[in-house]
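Each chain, written out:
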Amino acid sequence: MLRIDPRDAVPIWKQIEEGLRRLVGSGSLRPGRPVPSVRDLARELRVNPMTVSKAYQRLADGGVLVVRRGEGTFVAEGPPQLTRAERAKTMREGASRYVSLAATLGVSKDEAAREVAAAWDGPRRGRGEES
Amino acid sequence: MSGEAVLSVEDLAVRYGPQTVLEGVSFQVPRGSVFALLGRNGSGKSSLVRCALGLQKPARGGVRLFGEDAWASRRRAMGRVGVVPEHPDAPPELTAGELLAFCAPFYPAWNDTSARDRLERYSVPPRVPFGRLSKGQKGAVMLALALAASPELLVLDDPTLGLDAVARRALYDELIGELADRGTTALVTTHDLDGIEPIADRVAVLRGAHLVANETLDALKARFRRIRCGPAAAPFSWEPFEPITAAEKDWGREAIVGNFTEERLGAFRARTVSDNVEVVALSLEEIFLSLAGTAGGLS
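Chains as they are written, first to last, in the numbering used here: chain A, 70 to 200; chain B, 2 to 300.
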C-alpha cells in the first residue's frame, strides 16, 4: 500500500514517486498492471491532484509508468534496467543521504544498520504508526 | 504554466477609521494553484477576501481579478467566480432547489445537472427551506451553488468552520474532485491546517496587517526546522541560522529556524561544541504557529 505523511519534510509528490517506485521494484505492482487514475489516487490520499500528476509524470519520464491515451496509466512492461555502474552510483548516493540523516539525528552506526535491516523486511512494521 | 495570475493583489491597504487592517499586501494566485491564505482571527483575511471579490473598496492599492480591477469590474468578474462564504447566507424561505433555479440565470457557465447531483450526494433535503438546514447542509448548498457556476476561481472562506469530521471530509473530497476534473484555481482561508496541508500548493500568512510569508508550500516546508541542541559551552550562537523562536531548556536549547538548508546545518554542526544536534521537520500548523502565534495569546 502507498502511504504518505504530509508532515514529512519530503514533498508529497516525491513520497508518492518513491512509494510507487518501491511498489514496482518489489513486484507488488506488476508490469502492465494499471495504476489508479490521478483523480482516484488524489481522493484516496486526500492530496492535490497536481501533486499526484507530478509524481506520475516523473515516473513516466523515468520509464516506470506508461500513459496510454484514453486508457489510463500502467506499470511499464519492461521497467528500466540500470547498468551496474548506474546502480552502484544510485545506491552510494542513497546510502550517503541516509547516513547524513542518521548523523543529523545522532543515531549510531549499529542502530542505523538495524533500521536498514528492519526496513528491508517490511516498511514501517512494528513502529506503531498504524492509523 | 506559471505567469498568468487569476488574482493579483497589489500593495493593498484597508483601514476602518483609524484602524489599519491590511497594509502593503501584495501576492498573486497563479492559475491552477490552490492558495491557502492563513492568519489568526482578526488578521485581515476576511477584508482581503472582500477586496478580492470587489465587495470592498481598498484604502490604497487594489486587486486585479482575471486582469481587471476587482472593484470596478465586479459584476462582470463574479460570473467566473464561485464563492463559499464564511457565513452561509441565502433567503431563508427558499429550498435548495429553488436557490439553484434562482441563481442559474446569473451565470453563463451554469451546470444544473451537476448541481442537482451534488445536492443529492450531500444528502441535502430538497424540500426544506434554507433557513431550517443545519450548518453543514447550508455549507453544502453554498458549495453546490459555487461549483454549479463552473467557476474559474473558487473562493472558500473558512469552509470547514463548524463542520463535523464527516462533513469536512466530504468537502475535501469534493474540492479534490473539482481540482482533478477542471483544474480550478482555489483561494482558501482556513484554520484547518492539517486538512489543507496536503492540498494547498501555495501559502500566504497574514500577521499584524502584513504578509509574513508568501511562497510555495514545498519552499516553506523546506526552510523551516525545529533544531534541538544539547548543552554546549558558552558563547553559544545559532549562526548561520536565524531563529524565529529560541528557548533554553533544562536539557539544552531549542529553536525554530526559517532559513534551514543542509549547508547551513553543516556549518552549524562544525561550529557547535555539542555533538547532540537534532533536526525535525515541521507541519504547516507548527510553521503557522511560529509565524503568526508568537505574540498575543488569546484574542
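Keep in mind the hints are simulated off the structure, nothing from the lab. Certain hints may be false.
Said to hold, decoys possible - Keeping only pairs whose Cα atoms sit at most 25 angstroms apart, straight-line, the calculated SDA-like set for lysine to any residue is:
hint, chain 1, residue 1, chain 2, residue 2
1, A, K83, B, R227
2, A, K123, B, Y173
3, A, K123, B, K250
4, A, K83, B, G33
5, A, K123, A, G101
6, A, K83, B, R32
7, A, K83, B, N260
8, A, K83, B, S284
9, A, K178, B, T273
10, A, K158, A, E140
11, B, K250, A, A172
12, A, K158, B, G267
13, A, K83, B, D202
14, A, K83, B, R224
To be verified - FRET-style restraints, in silico, Cβ to Cβ:
hint, chain 1, residue 1, chain 2, residue 2, range
15, B, D12, A, S95, 52 to 60 angstroms
16, B, P232, A, A154, 26 to 34 angstroms
17, B, G163, A, Y167, 27 to 35 angstroms
18, A, L170, B, E249, 35 to 43 angstroms
19, A, D179, B, L162, 49 to 57 angstroms
20, A, Q126, B, D118, 52 to 60 angstroms
21, B, D12, A, G163, 41 to 49 angstroms
22, A, R72, B, A73, 45 to 53 angstroms
23, B, L290, A, D190, 31 to 39 angstroms
24, B, S27, A, S95, 46 to 54 angstroms
Every residue, glycine too, gets a C-beta built ideally from N, C-alpha and C.
Practice problem: Go ahead and decide if the range 46 to 54 angstroms is satisfied by the Cβ distance of S27/B to S95/A. | Solution: holds (48 angstroms)
Between the alpha carbons of K250/B and A172/A, is the straight-line distance 25 angstroms or under?
holds (23 angstroms)
| request: Go ahead and decide if the range 52 to 60 angstroms is satisfied by the Cβ distance of Q126/A to D118/B. | output: violated (31 angstroms)
Margin query: What's the verdict on K83/A and G33/B, does the C-alpha distance respect the 25 angstroms limit or exceed it?
Written below: Roughly 20 angstroms separates the two Cα atoms, so the pair holds.
Check whether the Cα positions of K83/A and S284/B lie no farther apart than 25 angstroms. Distance of about 17 angstroms is within 25 angstroms: holds.
Restraint check for K123/A with K250/B, where alpha carbons must lie at most 25 angstroms apart
Judged against 25 angstroms, a Cα distance of about 42 angstroms means the pair is violated.
Original post:
Are D179/A and L162/B spaced within 49 to 57 angstroms by their CB atoms?
Top reply: holds (50 angstroms)
Review point. Straight-line Cα separation of K83/A and R32/B no greater than 25 angstroms?
Key: holds (23 angstroms)
| task | Kindly confirm whether 41 to 49 angstroms is satisfied by the beta carbon distance between D12/B and G163/A. | result | 47 angstroms Cβ-Cβ, so the 41 to 49 angstroms window holds.
Taking 25 angstroms as the top limit, are the C-alpha atoms of K178/A and T273/B close enough? Measuring from Cα to Cα gives roughly 21 angstroms; hence the hint holds.
Has the given pair, K83/A with N260/B, been kept, meaning a C-alpha gap of at most 25 angstroms?
-> holds (22 angstroms)
message = Just to be careful, I want the Cα atoms of K83/A and R227/B compared with a cutoff of 25 angstroms; is the pair within it?
response = holds (22 angstroms)
The structure shown violates the earlier hints numbered 3, 10, 16, 17, 18, 20.
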